[in-house]
Amino acid sequence: MSYTEDREVRYDLDQSEMESFETELITAIADQAVSLEIAAAWIRPFSRYANLMRSIEATFFPEAQEVSMEDEERSIFFALIDFRLKPRITFGSTICGARVPGDSLLATPSEVNGDSSGFIFIDQLIRIGNFTLEEFDSYISGLGLNPKHCLSVESTYRIGELADKWHGLSLTEVAYWAFFRSVRRNGGAIGTAAIFASINEPAMDSFRRFGLHFEPLMGRTDLVTPEEELGKTFIPIVMTYDQYADDLFSTISIPLAEFAL
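When you number the sequence shown by the numbering used here, it's gap-free, plus one each residue, and the end is 268.
I should point out that these hints are in silico values taken from the structure, not numbers from a laboratory. For clarity, every value in this text was computed on a predicted model and none was experimentally measured. The beta carbon of each residue, even a glycine, is placed where N, CA and C say it ideally should be. Where hints are given, some of them may not hold.
Here are the computed distance ranges between Cβ atoms for each label pair [said to hold, decoys possible]:
| # | residue 1 | residue 2 | range |
| --- | --- | --- | --- |
| 1 | Glu-141 | Asp-171 | 24 to 32 Å |
| 2 | Asp-171 | Phe-67 | 16 to 24 Å |
| 3 | Asn-207 | Ile-259 | 30 to 38 Å |
| 4 | Ser-260 | Leu-169 | 37 to 45 Å |
| 5 | Asp-249 | Asp-212 | 20 to 28 Å |
| 6 | Phe-67 | Val-231 | 16 to 24 Å |
| 7 | Ser-23 | Arg-227 | 39 to 47 Å |
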């Protein structure tokens, strides 16, 4: 699929512009395959479709537009498109540290240094004063994790009406299945890779029903998140790619088509 780069970062597309880009994105994917039910789009940081996802995200998380250009460069946007009724984007996410399918491009965490953990929301938690970079480094080292094989889910959001389950899975569960596939695609091995995320109570309930294991990040449930300023309660977690997770996702067989844009 062809790739057109546009380095103008926008979080303010109007409704007409968003509808136009959504239609174009859906058509671009539909032209690549037939009989799609659910498709996943991995959107590079300066794809022509990236500003669509930025603008949608900003309607849920206005603070998203405050990130630096360095953070923009290491972000990948993820969308699930539901073709079962009227084709539409039903789920969106911003990821740091993901490899898009069939592509050498890797939006890696930057090298861990004195200023950054390499993950956007982890750096936010550090800036707020929850813990230090040294404490985070010690924590992931204690878990045996290689940060180059981890990814962070910076945000997730449902778009429009709740979509029906697909092969028994909610679209949130489908998305995390795809995220673990990205971890493996990036060389993540059992015991050395993980997904970091900040989730709310409905997502926790979904993960529990699904059987996905997660633990509070840093072993703490008192971490202050940027969402609290907006009156939203989110809990930072870690999901280790262990043998249990590998076995769980190995039992799932869904015809999810994935596309790099």
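Structure-based check of all given hints:
no., hint, result
1, Glu-141 x Asp-171: 24 to 32 Å, "violated, 46 Å"
2, Asp-171 x Phe-67: 16 to 24 Å, "holds, 21 Å"
3, Asn-207 x Ile-259: 30 to 38 Å, "violated, 23 Å"
4, Ser-260 x Leu-169: 37 to 45 Å, "violated, 24 Å"
5, Asp-249 x Asp-212: 20 to 28 Å, "holds, 22 Å"
6, Phe-67 x Val-231: 16 to 24 Å, "holds, 20 Å"
7, Ser-23 x Arg-227: 39 to 47 Å, "holds, 44 Å"
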